[in-house]
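So the sequence lines, in the order shown, correspond to chains A and B.
Residue numbers are given in this note's numbering: position 89 of the first sequence equals residue 89, and the series is strictly consecutive.
Residue numbers are given in this note's numbering: position 368 of the second sequence equals residue 368, and the series is strictly consecutive.
One or more hints might be untrue.
[Unchecked claim] Derived DSS-like pairs: lysine-lysine, alpha-carbon spacing no greater than 30 Å straight-line:
(1) 38(A) - 339(B)
(2) 167(B) - 184(B)
(3) 215(A) - 93(A)
(4) 357(A) - 93(B)
(5) 339(A) - 70(B)
(6) 13(B) - 265(B)
(7) 416(A) - 270(A)
(8) 93(A) - 357(B)
(9) 357(B) - 121(A)
(10) 215(B) - 184(B)
(11) 70(A) - 339(B)
Just so you know, the hints here were simulated from the structure itself, not pulled from any lab data.
Spelled out from the first residue to the last, the chains are:
There are 2 protein chains.
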Amino acid sequence: MLETLDLDKKIDKEAYDKSFPELRNKLRDLQRQAFDAKIPVAVIFEGWDAAGKGETIGKLVERLDPRGIKVHPISAPLEDERLRPFLWRFWTKIPGRGEMAVFDRSWYGRVLVDRVDKAIKPEQWRSAYNEIAQFERMLSDDGMVIVKFWLHISEKEQRKRFKEIEKSKFDKWRVTKEDWENHKLYGDYAQAAEEMFERTNTAYAPWTIVEATDKRYRLVKVFKTLADAMQTALHARSEQPAPKRAARASVSVQALKEMETILDKVDLTKSFKRKEYEEQLQEYQVRLRQLEYRCYEERRPVIVGYEGWDAAGKGGNIRRVTENLDPRGYSVVSIAAPKGDDATHHYLWRFWRQIPKAGHLAIFDRTWYGRVLVERVENFCSEAEWRRAYQEINEFELSLSNFGMIVVKFWLHISKEEQLRRFKEREKIEYKQYKITEEDWRNREKWDAYRQAVVDMLQNTSTTYARWTIVEANDKLWARIRTLRTIVETIEEGLGVKKSGKEKKKKKVE
Amino acid sequence: MLETLDLDKKIDKEAYDKSFPELRNKLRDLQRQAFDAKIPVAVIFEGWDAAGKGETIGKLVERLDPRGIKVHPISAPLEDERLRPFLWRFWTKIPGRGEMAVFDRSWYGRVLVDRVDKAIKPEQWRSAYNEIAQFERMLSDDGMVIVKFWLHISEKEQRKRFKEIEKSKFDKWRVTKEDWENHKLYGDYAQAAEEMFERTNTAYAPWTIVEATDKRYRLVKVFKTLADAMQTALHARSEQPAPKRAARASVSVQALKEMETILDKVDLTKSFKRKEYEEQLQEYQVRLRQLEYRCYEERRPVIVGYEGWDAAGKGGNIRRVTENLDPRGYSVVSIAAPKGDDATHHYLWRFWRQIPKAGHLAIFDRTWYGRVLVERVENFCSEAEWRRAYQEINEFELSLSNFGMIVVKFWLHISKEEQLRRFKEREKIEYKQYKITEEDWRNREKWDAYRQAVVDMLQNTSTTYARWTIVEANDKLWARIRTLRTIVETIEEGLGVKKSGKEKKKKKVE
Numbered sequence: 001m002l003e004t005l006d007l008d009k010k011i012d013k014e015a016y017d018k019s020f021p022e023l024r025n026k027l028r029d030l031q032r033q034a035f036d037a038k039i040p041v042a043v044i045f046e047g048w049d050a051a052g053k054g055e056t057i058g059k060l061v062e063r064l065d066p067r068g069i070k071v072h073p074i075s076a077p078l079e080d081e082r083l084r085p086f087l088w089r090f091w092t093k094i095p096g097r098g099e100m101a102v103f104d105r106s107w108y109g110r111v112l113v114d115r116v117d118k119a120i121k122p123e124q125w126r127s128a129y130n131e132i133a134q135f136e137r138m139l140s141d142d143g144m145v146i147v148k149f150w151l152h153i154s155e156k157e158q159r160k161r162f163k164e165i166e167k168s169k170f171d172k173w174r175v176t177k178e179d180w181e182n183h184k185l186y187g188d189y190a191q192a193a194e195e196m197f198e199r200t201n202t203a204y205a206p207w208t209i210v211e212a213t214d215k216r217y218r219l220v221k222v223f224k225t226l227a228d229a230m231q232t233a234l235h236a237r238s239e240q241p242a243p244k245r246a247a248r249a250s251v252s253v254q255a256l257k258e259m260e261t262i263l264d265k266v267d268l269t270k271s272f273k274r275k276e277y278e279e280q281l282q283e284y285q286v287r288l289r290q291l292e293y294r295c296y297e298e299r300r301p302v303i304v305g306y307e308g309w310d311a312a313g314k315g316g317n318i319r320r321v322t323e324n325l326d327p328r329g330y331s332v333v334s335i336a337a338p339k340g341d342d343a344t345h346h347y348l349w350r351f352w353r354q355i356p357k358a359g360h361l362a363i364f365d366r367t368w369y370g371r372v373l374v375e376r377v378e379n380f381c382s383e384a385e386w387r388r389a390y391q392e393i394n395e396f397e398l399s400l401s402n403f404g405m406i407v408v409k410f411w412l413h414i415s416k417e418e419q420l421r422r423f424k425e426r427e428k429i430e431y432k433q434y435k436i437t438e439e440d441w442r443n444r445e446k447w448d449a450y451r452q453a454v455v456d457m458l459q460n461t462s463t464t465y466a467r468w469t470i471v472e473a474n475d476k477l478w479a480r481i482r483t484l485r486t487i488v489e490t491i492e493e494g495l496g497v498k499k500s501g502k503e504k505k506k507k508k509v510e
Numbered sequence: 001m002l003e004t005l006d007l008d009k010k011i012d013k014e015a016y017d018k019s020f021p022e023l024r025n026k027l028r029d030l031q032r033q034a035f036d037a038k039i040p041v042a043v044i045f046e047g048w049d050a051a052g053k054g055e056t057i058g059k060l061v062e063r064l065d066p067r068g069i070k071v072h073p074i075s076a077p078l079e080d081e082r083l084r085p086f087l088w089r090f091w092t093k094i095p096g097r098g099e100m101a102v103f104d105r106s107w108y109g110r111v112l113v114d115r116v117d118k119a120i121k122p123e124q125w126r127s128a129y130n131e132i133a134q135f136e137r138m139l140s141d142d143g144m145v146i147v148k149f150w151l152h153i154s155e156k157e158q159r160k161r162f163k164e165i166e167k168s169k170f171d172k173w174r175v176t177k178e179d180w181e182n183h184k185l186y187g188d189y190a191q192a193a194e195e196m197f198e199r200t201n202t203a204y205a206p207w208t209i210v211e212a213t214d215k216r217y218r219l220v221k222v223f224k225t226l227a228d229a230m231q232t233a234l235h236a237r238s239e240q241p242a243p244k245r246a247a248r249a250s251v252s253v254q255a256l257k258e259m260e261t262i263l264d265k266v267d268l269t270k271s272f273k274r275k276e277y278e279e280q281l282q283e284y285q286v287r288l289r290q291l292e293y294r295c296y297e298e299r300r301p302v303i304v305g306y307e308g309w310d311a312a313g314k315g316g317n318i319r320r321v322t323e324n325l326d327p328r329g330y331s332v333v334s335i336a337a338p339k340g341d342d343a344t345h346h347y348l349w350r351f352w353r354q355i356p357k358a359g360h361l362a363i364f365d366r367t368w369y370g371r372v373l374v375e376r377v378e379n380f381c382s383e384a385e386w387r388r389a390y391q392e393i394n395e396f397e398l399s400l401s402n403f404g405m406i407v408v409k410f411w412l413h414i415s416k417e418e419q420l421r422r423f424k425e426r427e428k429i430e431y432k433q434y435k436i437t438e439e440d441w442r443n444r445e446k447w448d449a450y451r452q453a454v455v456d457m458l459q460n461t462s463t464t465y466a467r468w469t470i471v472e473a474n475d476k477l478w479a480r481i482r483t484l485r486t487i488v489e490t491i492e493e494g495l496g497v498k499k500s501g502k503e504k505k506k507k508k509v510e
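Could you put together the complete structure from these sequences and hints?
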């Protein structure tokens, strides 16, 4: 989940001064309501050293009623705690009904620092995953709101901050030798954290990754996420329509919504000259065909999923992937709105039915991600359903991956202007007219809602075993090579094929 | 869960003829209602060969509307199925909304036959547990009713049935060489099955173990369980009060309720002469004190939980356990109705707080099982809550066990008459009067409801890592030795202390 982050996100002082005090008041208000409704709230802070956990917690507690909130700083277990199962010290600290408990580091230490430092045996952190899942499920079933934050900064940013702190006469004690040692293990920690998100990002206790480079952004995102979660729980409890106060909360939502997302950072100027394109096209098509045979021999299945804006060029793109392949080895599956049996079964059923068998390649033109895109935006499913779907889809893809399947996922990204240009072109050119419908225009009106759904999807379902690739698709030639190359490289990686020096260089240059 | 079964359960022809046709009609009716309400139903049959799966499924399908039901016989995967993840062939067979799918053997083959036969690697069946849990959770979240049956017969009964079938000219082909080979592995399969129950007996897809020695009992229990599950789902869906038809279903409930339970099989005549008692008391008290030190040295914690009828003699029993122990090494925790902080936290909180630390022994006079006993019977928690609690408690005890804790659990059983005798005695003898309250008399009136709760508790929470011991407690002397000996032997087992020949013999004789 970390690689889809935009760590440059920030909020300027003006917007912050406008939204933060309001958010803070709202949170105090929600605390009182949760107290009355007897809803317990657990807030967990994990993340990099120097990412701002302490300060965030300070701000959080500052204005809340201290009688209803307790902060638990968690460090290495004490003697007394080591003599009991590792969850003991957390079970004993859970908030009572109506109370709030804030954990500065938490039970996740078991699968992060304890794991990376090899302080415990592999079977211990593996079984910790089960116990953590059960722990959070039990608390959630009992009505607890569980909000988990990961405060994220880059390795470079962490180094910068450590050095800054060391410069300060008063604060330099805060950076220890151990901190620098941990800093050297940044990559190992990041990997353990990725696995942690994949395994514990449940619908009832989801992770919120906070881009923590900018302090104002960090605070606003944390406060807003917590407020939303408490508000949601209160609504669910009361079964009443949203109170007027909700309107105020959405002010700050709006402020965040207007921010740049990872999609805005996609460099849509990327393009290829025709000649360069044709050279590369041929190269990758040939390699893909070789890999198709190799996958067959090694009985490795491959699944490629295409998602993207209307008119992003999925069809033409897929044609370039398949045109040189042995047709006995692949299939293309087009996904439209479910009808008949597809509509009366679990939404994953029709995708399970169509997964490729060992040694074969299946390309999906639109995928199971419809659940969190069109079904979400068009209200074809409930909010509970699409929120749950992130976990379900991750589990689905993990099942495929456990079997040895290679999973490739593309989001074909174009700008709103480019889409308009293509729509108009389609209307003009007779043989393209069938491609443009009223529905396309209607979808276009919901561009912002779709954009949010796409960002959430990328954030919640990019896993180590099934990564998303965002394809810069304003230039179709560029997009075709990008997908072909990604498929080739992902399969090679999956098969354990070594890359040539030339390949490596190419990859690095990009 | 298997050792708490009473395999002699049966229903006579008269009671069967009275209840079965009604049950069958009811089920047909429920099928139609589920169809209208678009509720999908999956019924899974697992269990021993020759336990009657085929016949039960035949009876089930016989009168249902064949357009809405599909039977899937599952044997070794075909070529096509082996080329895909193991869940594929089950995902593709799930029922659509309003449909019913019956699985004759199921996805559990992966953790039973495939595991025991070593047809797959350990990491494969281990990860299968996760995938199965996710699979069932997804289906249940989508509204599917999942009912899982394990048809159980003893090893001896299976042998008898195989031989009988072999005698028949027409049926003898049904018993294969492979069946006999599997029969020899009965113990291994039983162990794998136990683990399967422990890991997959969830609130949303619970196992029902069917005592399948008697055909009539087997059919009634299967039909009733399925009818109850469908009825419950329909009620939940409609949010309306139970329809009149429900009253009919409870007729058959009553028939089953009047049956003997495992508690009725407890031999309450067991007793000790005073002299014999005193000899053994001393022996086991000395051994327990030695073990107390040994646990301290090896840092192994021990938890002993007492449950039982009012006036079953818990207090006196516990006193005999502790009277010779080093008081620095143990504590006794008395559990009454939760008050203050205990009442405002998750019900497991106060037990987590009191678990012994490594090397210590804690004895609980009443336990976390209050959730599924008094809280269930007195409606202090909802049905959903106490049903969920079986899984939660099993997970709680597994956490303790994973840490190395030795868990001992007692149900002190006395007859209803004996309880009455003791109540009256308490009223008469002045220094015992404080022990008898109005509440005790009120509880006594609910004897049958408590009995059902106890039977369900024993059935659902007796695990390989935390077994229940039912203590015959009409004779207090017997009960005291029984608990002491069980504690001593369970600790010795946990510490890996070898038993002397004399010990082994003693155990076998009993």
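Results for each hint:
Taking the CA atoms of residue 38(A) and residue 339(B), the gap is near 16 Å; set against the 30 Å cutoff, the hint holds. For the suggested pair residue 167(B) and residue 184(B), the alpha carbons sit about 20 Å apart, so the restraint of at most 30 Å is met. Of the supplied pair hints, the one linking residue 215(A) and residue 93(A) holds, its CA atoms being roughly 29 Å apart against a limit of 30 Å. A threshold of 30 Å between alpha carbons decides the hint, and for residue 357(A) with residue 93(B) the separation of about 17 Å falls inside it, so the pair holds.
In summary, the hint linking residue 339(A) to residue 70(B) is supported, as the alpha carbons are separated by about 21 Å, within the 30 Å threshold. Restraint check: the Cα-Cα separation between residue 13(B) and residue 265(B) comes to about 22 Å, which is no more than 30 Å; the hinted pair holds. The straight-line distance between the Cα atoms of residue 416(A) and residue 270(A) is roughly 16 Å, inside the 30 Å bound, and the hint therefore holds. This hinted pair checks out: residue 93(A) and residue 357(B) have alpha carbons roughly 17 Å apart, not beyond 30 Å.
Straight-line distance between C-alpha atoms of residue 357(B) and residue 121(A) comes to about 21 Å, which keeps the hinted pair within the 30 Å bound. Taking the CA atoms of residue 215(B) and residue 184(B), the gap is near 24 Å; set against the 30 Å cutoff, the hint holds. In summary, the hint linking residue 70(A) to residue 339(B) is supported, as the alpha carbons are separated by about 21 Å, within the 30 Å threshold.
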